[in-house]
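Protein chains: 2
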Amino acid sequence: MSATEIKIAIGVSNRHIHMAKQDMEILFGKGHEPKMLKHLSQPGQYASEEVVALLGPKGTIENVRLLMPLRKKTQIEVSLTDCYKLGIAPVIRDSGDIEGTPGLTLVGPKGQLTLKEGVIVAARHIHLRPKEAELFKLSDGDRISVQISGSRALRLDQVLIRVDPSFASELHIDTDEANAGAVKNGELATLLFTKEVARADRPLAKV
Amino acid sequence: MSATEIKIAIGVSNRHIHMAKQDMEILFGKGHEPKMLKHLSQPGQYASEEVVALLGPKGTIENVRLLMPLRKKTQIEVSLTDCYKLGIAPVIRDSGDIEGTPGLTLVGPKGQLTLKEGVIVAARHIHLRPKEAELFKLSDGDRISVQISGSRALRLDQVLIRVDPSFASELHIDTDEANAGAVKNGELATLLFTKEVARADRPLAKV
Chain A
1 MSATEIKIAI
11 GVSNRHIHMA
21 KQDMEILFGK
31 GHEPKMLKHL
41 SQPGQYASEE
51 VVALLGPKGT
61 IENVRLLMPL
71 RKKTQIEVSL
81 TDCYKLGIAP
91 VIRDSGDIEG
101 TPGLTLVGPK
111 GQLTLKEGVI
121 VAARHIHLRP
131 KEAELFKLSD
141 GDRISVQISG
151 SRALRLDQVL
161 IRVDPSFASE
171 LHIDTDEANA
181 GAVKNGELAT
191 LLFTKEVARA
201 DRPLAKV
Chain B
1 MSATEIKIAI
11 GVSNRHIHMA
21 KQDMEILFGK
31 GHEPKMLKHL
41 SQPGQYASEE
51 VVALLGPKGT
61 IENVRLLMPL
71 RKKTQIEVSL
81 TDCYKLGIAP
91 VIRDSGDIEG
101 TPGLTLVGPK
111 GQLTLKEGVI
121 VAARHIHLRP
131 KEAELFKLSD
141 GDRISVQISG
151 SRALRLDQVL
161 IRVDPSFASE
171 LHIDTDEANA
181 GAVKNGELAT
191 LLFTKEVARA
201 DRPLAKV
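Residue numbers (this note's numbering), protein chains in the order written: chain A, 1 to 207; chain B, 1 to 207.
In case anyone wonders, no lab produced these hints; they're calculated from the structure. Take the hints with a grain of salt, since some may be wrong.
Just so you know, same-sequence chains aren't split out, so a pair can sit in one copy or run between any two.
[To be verified] Taking lysine-lysine and the DSSO-like style, the derived pairs with C-alpha atoms no more than 30 Å apart in a straight line are:
(1) K184 x K110
(2) K30 x K131
(3) K110 x K131
(4) K72 x K85
(5) K35 x K85
Could you build the full structure based on these sequences and the hints that come with them?
So, in structure tokens, the structure goes:
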């Protein structure tokens, strides 16, 4: 590794749901408490035992897991591969930006629910803590590139930088992106400070 | 577009099978003649009406189409997404290089067949005619990069150059790669002559 290379762990996101309490109660029953299955790499987040089915106009995907904690609005994150299977238009968005996105029907053990919006293909992004962001001269909202090496080497552009003290530093990509690069969860990518974001005041740093 | 940009049409390959005559006869019956469904972009190649099921240790994929003409050895091209569904190890190879690759079971209307090898994830590649290759100073076997623009912009590296008079010029990627870049069949990518292959005698050319 050269002195100017910064590596980051890759977190591969499979399809999942961030759920609002009122929606969970429709699907799992009033007063239902989600059960912890396993901790995720982001502190305070966990995969729950609860899964639901996604029903689109063209197809169904079973066993889609709920990630906790609960959110104000239900957001369903799928891949483009999933969108084609479900028969819904893929809309690439940053997490939380769901206005005007497609909806679909969720089926749980106690009920079902048709959402008018909330299905996104999450834009690739990097979680950084403020100290790391400062070291790299990056700010929340910046977009950079990352290099994946190996037999299916590729450079992902337009990777959104998100900065928060609660984060663990990680590059989040979906299964299509991971498979295009033939990488798995926990492997490393290299941060690239491309000319779109390179500035005189943003030198490469070593961690 | 700058004077130094060369664009190429993207051909997205879904899972498919190139089949040997003796294997087709096991699956579809002795003397079976494949029926033409539609021409492919590569001259002389066509999708047949015939489909088979792929049976792996972990899962099944139905309706996988045979592409013609017949070949000497059966080769099954799938995505990494498919490999995980089938439960077989993904092996990325250039087309034709199937020695030591995983096998699986094919099921047709008249029989089934378990292959010891032949399942590959096809390495991304570009088909060029000799005149185009000459213009771009590229040779069969070279590897270059291509840029995909848009909301999921990415650069694919290690793209194999294949040169043959029978080809139509096209970048062939699989569904995982297309979905990672949010591109569809027939859209355009830009050829990049990266430093790995850049040489004094290989200037950028315009078509």
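Verification of the supplied hints:
Proximity of K184 to K110 under the C-alpha cut-off of 30 Å is found in neither arrangement, the shortest distances being 35 Å within a copy and 39 Å between copies. Taking identical chains as interchangeable, the C-alpha atoms of K30 and K131 are never at most 30 Å apart, the minima being 42 Å within one chain and 69 Å between chains. In this homomeric assembly, K110 and K131 never come within 30 Å of each other (Cα to Cα): the closest approach is 45 Å inside a single copy and 64 Å across copies. For a Cα distance limit of 30 Å, the shortest separation of K72 from K85 inside one copy, 27 Å, qualifies, whereas the shortest one across copies, 33 Å, does not.
Taking the shortest alpha-carbon separations for K35 and K85, both the intra-copy value of 29 Å and the inter-copy value of 27 Å come in at or below 30 Å.
Checked against the numbered hints above, the structure violates hints 1, 2, 3; every other hint is satisfied.
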